[in-house]
Amino acid sequence: MSDRIFGVFGILLAIVFAVSAVAIEESFLSDAVGPKVFPLIIAAILGLSSAVIAWRPDPEPDWPAFDRLAEVFAAVVVLILYAKFLPVAGFVIATMIVAAYLAWRLGSSLLEAIAVGIGTSVGIYVIFHLILGLSLARGPLGF
Amino acid sequence: MELLSSLGDGFAIALTWQNLLLALLGCFLGTIMGALPGLGPSNGVAILIPLAFTMGLGATPSLILLTSVYYGAMYGGRISSILLNIPGDEPAMMTCLDGHPMAKKGLAGEALSLSGVASFVGAFFATWGLILLAPQLVKIALLFGPAEYFALFALAFMTLGGVSSTNQAKSAFAAALGLGLATIGVDTQTGVPRFTYGEVHLYDGLDFLVAIVGLFALSEVFIFLEHRKGKSDMEGGKLSIGRLYPPMSMLKQCTPTMLRTSFLGFIAGVLPGAGASLGSFISYSMEKRLVDKEGTFGTGDPRGVAAPEAGNNAAAGGALVPMLALGVPGSGTTAVLLAVLLSLNITPGPLLFTENPDVVWGLIAALFIANFMLLAMNIPMVGLFTRLLMVPSRILMPIVAMVSFVGIYGISGSSFDLLVMIGFGVLGWLLRKLDVPLVPIILGTLLGNTMENNLRRAVTIDNGDWLTLIDSPLSIVLWTIAIIGFVLPLIIGARVKAKMYQNREDLDAITD
Numbered sequence: 001m002s003d004r005i006f007g008v009f010g011i012l013l014a015i016v017f018a019v020s021a022v023a024i025e026e027s028f029l030s031d032a033v034g035p036k037v038f039p040l041i042i043a044a045i046l047g048l049s050s051a052v053i054a055w056r057p058d059p060e061p062d063w064p065a066f067d068r069l070a071e072v073f074a075a076v077v078v079l080i081l082y083a084k085f086l087p088v089a090g091f092v093i094a095t096m097i098v099a100a101y102l103a104w105r106l107g108s109s110l111l112e113a114i115a116v117g118i119g120t121s122v123g124i125y126v127i128f129h130l131i132l133g134l135s136l137a138r139g140p141l142g143f
Numbered sequence: 001m002e003l004l005s006s007l008g009d010g011f012a013i014a015l016t017w018q019n020l021l022l023a024l025l026g027c028f029l030g031t032i033m034g035a036l037p038g039l040g041p042s043n044g045v046a047i048l049i050p051l052a053f054t055m056g057l058g059a060t061p062s063l064i065l066l067t068s069v070y071y072g073a074m075y076g077g078r079i080s081s082i083l084l085n086i087p088g089d090e091p092a093m094m095t096c097l098d099g100h101p102m103a104k105k106g107l108a109g110e111a112l113s114l115s116g117v118a119s120f121v122g123a124f125f126a127t128w129g130l131i132l133l134a135p136q137l138v139k140i141a142l143l144f145g146p147a148e149y150f151a152l153f154a155l156a157f158m159t160l161g162g163v164s165s166t167n168q169a170k171s172a173f174a175a176a177l178g179l180g181l182a183t184i185g186v187d188t189q190t191g192v193p194r195f196t197y198g199e200v201h202l203y204d205g206l207d208f209l210v211a212i213v214g215l216f217a218l219s220e221v222f223i224f225l226e227h228r229k230g231k232s233d234m235e236g237g238k239l240s241i242g243r244l245y246p247p248m249s250m251l252k253q254c255t256p257t258m259l260r261t262s263f264l265g266f267i268a269g270v271l272p273g274a275g276a277s278l279g280s281f282i283s284y285s286m287e288k289r290l291v292d293k294e295g296t297f298g299t300g301d302p303r304g305v306a307a308p309e310a311g312n313n314a315a316a317g318g319a320l321v322p323m324l325a326l327g328v329p330g331s332g333t334t335a336v337l338l339a340v341l342l343s344l345n346i347t348p349g350p351l352l353f354t355e356n357p358d359v360v361w362g363l364i365a366a367l368f369i370a371n372f373m374l375l376a377m378n379i380p381m382v383g384l385f386t387r388l389l390m391v392p393s394r395i396l397m398p399i400v401a402m403v404s405f406v407g408i409y410g411i412s413g414s415s416f417d418l419l420v421m422i423g424f425g426v427l428g429w430l431l432r433k434l435d436v437p438l439v440p441i442i443l444g445t446l447l448g449n450t451m452e453n454n455l456r457r458a459v460t461i462d463n464g465d466w467l468t469l470i471d472s473p474l475s476i477v478l479w480t481i482a483i484i485g486f487v488l489p490l491i492i493g494a495r496v497k498a499k500m501y502q503n504r505e506d507l508d509a510i511t512d
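Just so you know, the sequences run in chain order B and L.
Take the first sequence: its letter number 115 is residue 115 in my numbering, and every next letter is one higher.
Take the second sequence: its letter number 219 is residue 219 in my numbering, and every next letter is one higher.
None of these hints come from the bench; they were simulated from the model.
Just so you know, even glycine gets a beta-carbon here, dropped at the ideal spot from N, CA and C.
Hints may contain errors.
What the hints assert, rightly or not - Here are the simulated lysine-lysine pairs, DSSO-like style, with alpha carbons at most 30 Å apart:
(1) L:Lys-288 with L:Lys-104
(2) L:Lys-229 with B:Lys-84
(3) L:Lys-252 with L:Lys-288
(4) L:Lys-229 with L:Lys-288
(5) L:Lys-104 with L:Lys-229
(6) B:Lys-84 with L:Lys-433
To be verified - Far from chain L, some chain B residues (derived; all Cβ distances over 10 Å):
(7) Val-8
(8) Ala-43
(9) Leu-48
(10) Val-52
(11) Leu-79
(12) Leu-86
(13) Gly-107
(14) Ile-124
(15) Leu-130
(16) Leu-132
(17) Leu-134
(18) Gly-139
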C-alpha cells in the first residue's frame, strides 16, 4: 500500500512539475531547446517511474508505531525551532538545548543529556569559533 | 616517464606539513566514521564536507582531507563487521562472513590486522590503476562533444542502480527527482527563473551541500531516534582482540587472494554503477569458487576476510577513475566528492588533467600517503578504534546532528538553508523507508545543470535536430551501454541481490 500511495503522489508531483514547466516564461534570448524542454523530459520520467512503482509495489516497509513516529515528528519540530531561533538565542544556548534534547530522546538520563548538551555546544564553539574562526550565530550574550 | 614526473610533482604538493596533517586527520576521522555501525563512507564524507569548507581550505587540501576520509571509512567498515557482525555499510557486508567467525574463534586481532593489510593491498593497486587508466580515459574523453557528454550522463544515471538494485523504477524516480531539483533557480542560458515561486533564496538554485548533508546525515539521526538506538553495539558482550599481527603463514596463504581480488575489485569500481558492494561480492564469490576446496569459507577462513576487503578497497580507488577523468562518479561516495569539487569551482573531466594538474596529482599522491598512514594506524591502533566503538549513539548522534548544522550555517549564515536541510532530512528518512536510493538524487542535483546545458548545446549546434544525440558512433556506444546497464538488472539484479543477502542469512543461521 505504501508504494501505491507513493506512486500516486509521485504522479501528482510530476503533473505539478510539468504544469509549472509549461508556465515558465520564454525569454527573448532563447536557444533551439529553450528552458521548458528539459523539465518536461524530467516530468515524464518522474511520472512514468511513479506509475511503475504504483503498479508493481515492493513489499510493505516497516513503518514505526505511532509513538515512534511522534518521536521523529517532535525532533523535526525541535530542529525547525532551532533553525528559527538560532540567530535570536545565539549559538551556544540554542545548541546546548537541542543537543541535550536529542541525547535525552535517544535514551540518556537527564544528567547525561545535560552533560552532552553542554559538552557538544561548548566543544563546537571552541573548535569552530575560537580555533577555526568560523562565525557562529551571536545571541544577546555575545555567544 | 611523464606519469612519474607528474606523480613526483604531486608528492611535492602532498608532502607539505599542512597536507600531511590533513591526511592524518582525515584517515583518523574516516576510520571512526566507517567503523561506527550506521555511518558509512558517504555519510562520513557528507558530515565532514562543511568542516573542510569552514576551515577555509583550498581545493587540493580539502580534497586531500575528504579523500582520506573516504579511504579511511572504507578501511573502518571492516571493524564492526568483524567484531560485531554488523557491517557499517553494504561493501563491508561480505567481510562479516568469515571475519566474525574468526573473531569468535579468538582470532579477532588477526582478522582485523589481516583485513587491514588486505585493504592496503587493494587500495595500493587501485591507486596505481588510477594513475595508469585515468589519463587514457582522458584521451577518449577529449573526443567527446556535447551530444556524447549528454549520453555519458544518461549512462551514469541509467547504470547507477547497478546489478544490486532491485527496483529500477525507484532508481529512475530518484534520478528524476534530483534532476528536477537541479532545475530550480535562474536558467543559465536564458536568465529566466524556474520553479522559484517568487522565493528570492531560490534564485541561485538549491545548494547541493545542503541537500547532501540533509539527506545523508540528518536522516540518519531520525532513523536512530525512530528506533531509539541509543546504546553502543559494543555494550554487553565484549570480544578480546588478541594478538595484533597476522602470522607470516597467514599472510603468505592470502597473498594470491589479495592480488587477484584487488584486480577484480578495481575493475568493478571503474565500471559505472557497480561500485564497492559489487567489488567485495564478486571478489568473495570468485575466491570461494577458486580456492575453497575444503569448504572452510564461511567458518573463519582468512582468505574469506582478505578477499572482500582487498576487493572493496580496490573498488573504492577504481571509482575515482571515471569521477576524475569524465566527471561521472562511479559510486555514492564519489558522487559526494564530486559535489566538493564542483563547490570549489573545479570541474572534473578531461580538462582537469590539463588545467589543474596540481589538483589531480596532489590528490593521487595524497592517496598513496593516506594509504600508508592507514596501514600504520590500523594495525597497532586497532584497539583504540574498537574502544571508540563503545561510545553510545545517544551521545554520538547529537554531536553528528549539531556538527552538520554548524557546517551548513557556517557556509551560508542563513536560517533558510537550515530549514531546507531539515526538509531534506525528512525526505531522506521517508525515502529510505520506501527503499528509494539516495545517491541518484544527489547525482541528479549535481549533474542536472551540466547535463541540460550539454543537451541544449548539442541540439542548438545542429539547428534543433534532436537526432544529433545519436549521430556519432561514440554516442551510439554510450547509449547502448546505458540501455544494457538499465535492462540487465531487471533480468539478473534480483538474483545477485538475493544471493548477497542469502550468504549473510546462512551465516546468521549458523552463528545464532
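Tested hints:
About 21 Å separates the Cα atoms of Lys-288 of chain L and Lys-104 of chain L, which keeps this hinted pair within 30 Å; it holds. For the proposed pair Lys-229 of chain L and Lys-84 of chain B, the alpha carbon gap of about 28 Å is at most 30 Å, so the pair holds. Among the hinted pairs, Lys-252 of chain L with Lys-288 of chain L is consistent with the structure: their alpha-carbon atoms are about 17 Å apart, no more than 30 Å. The suggested pairing of Lys-229 of chain L with Lys-288 of chain L is violated, with an alpha-carbon distance near 35 Å, which exceeds 30 Å.
Straight-line distance between C-alpha atoms of Lys-104 of chain L and Lys-229 of chain L comes to about 25 Å, which keeps the hinted pair within the 30 Å bound. Under the criterion of a C-alpha separation no larger than 30 Å, the hint pairing Lys-84 of chain B with Lys-433 of chain L is consistent with the structure, at around 28 Å. For Val-8 of chain B, the non-interface assignment is confirmed: its Cβ lies about 13 Å from the closest Cβ of chain L, beyond the 10 Å cut-off. Distance check on Ala-43 of chain B: its Cβ comes as close as 8 Å (rounded) to a Cβ of chain L, failing to clear the 10 Å threshold; non-interface status is violated.
Not every CB of chain L is more than 10 Å from the CB of Leu-48 of chain B (nearest about 8 Å), against its label as outside the interface. A beta-carbon of chain L comes within 10 Å of the beta-carbon of Val-52 of chain B; the shortest separation is about 4 Å. With a closest Cβ-Cβ approach of about 5 Å to chain L, Leu-79 of chain B is found to fall inside the 10 Å limit, against its non-interface label. Leu-86 of chain B, annotated as away from the interface, has a beta carbon of chain L within 10 Å; the closest lies near 6 Å.
Taking the minimum C-beta to C-beta distance to chain L, about 3 Å, the non-interface status of Gly-107 of chain B is violated against the 10 Å cut. In this structure Ile-124 of chain B is not separated from chain L by more than 10 Å, as the shortest Cβ-Cβ distance comes to only about 6 Å. The beta carbon of Leu-130 of chain B sits about 13 Å from the closest Cβ of chain L, which is more than 10 Å, so the claim that it is off the interface holds. A cut-off of 10 Å between C-beta atoms contradicts the statement that Leu-132 of chain B is not in contact with chain L; the least separation is 6 Å.
For Leu-134 of chain B, the shortest C-beta to C-beta distance to chain L comes to about 5 Å, within the 10 Å cut-off, and the non-interface label is violated. No Cβ of chain L comes within 10 Å of the Cβ of Gly-139 of chain B; the nearest lies about 13 Å off, and the non-interface call holds.
Hint violations for this structure: numbers 4, 8, 9, 10, 11, 12, 13, 14, 16 and 17, all remaining hints satisfied.
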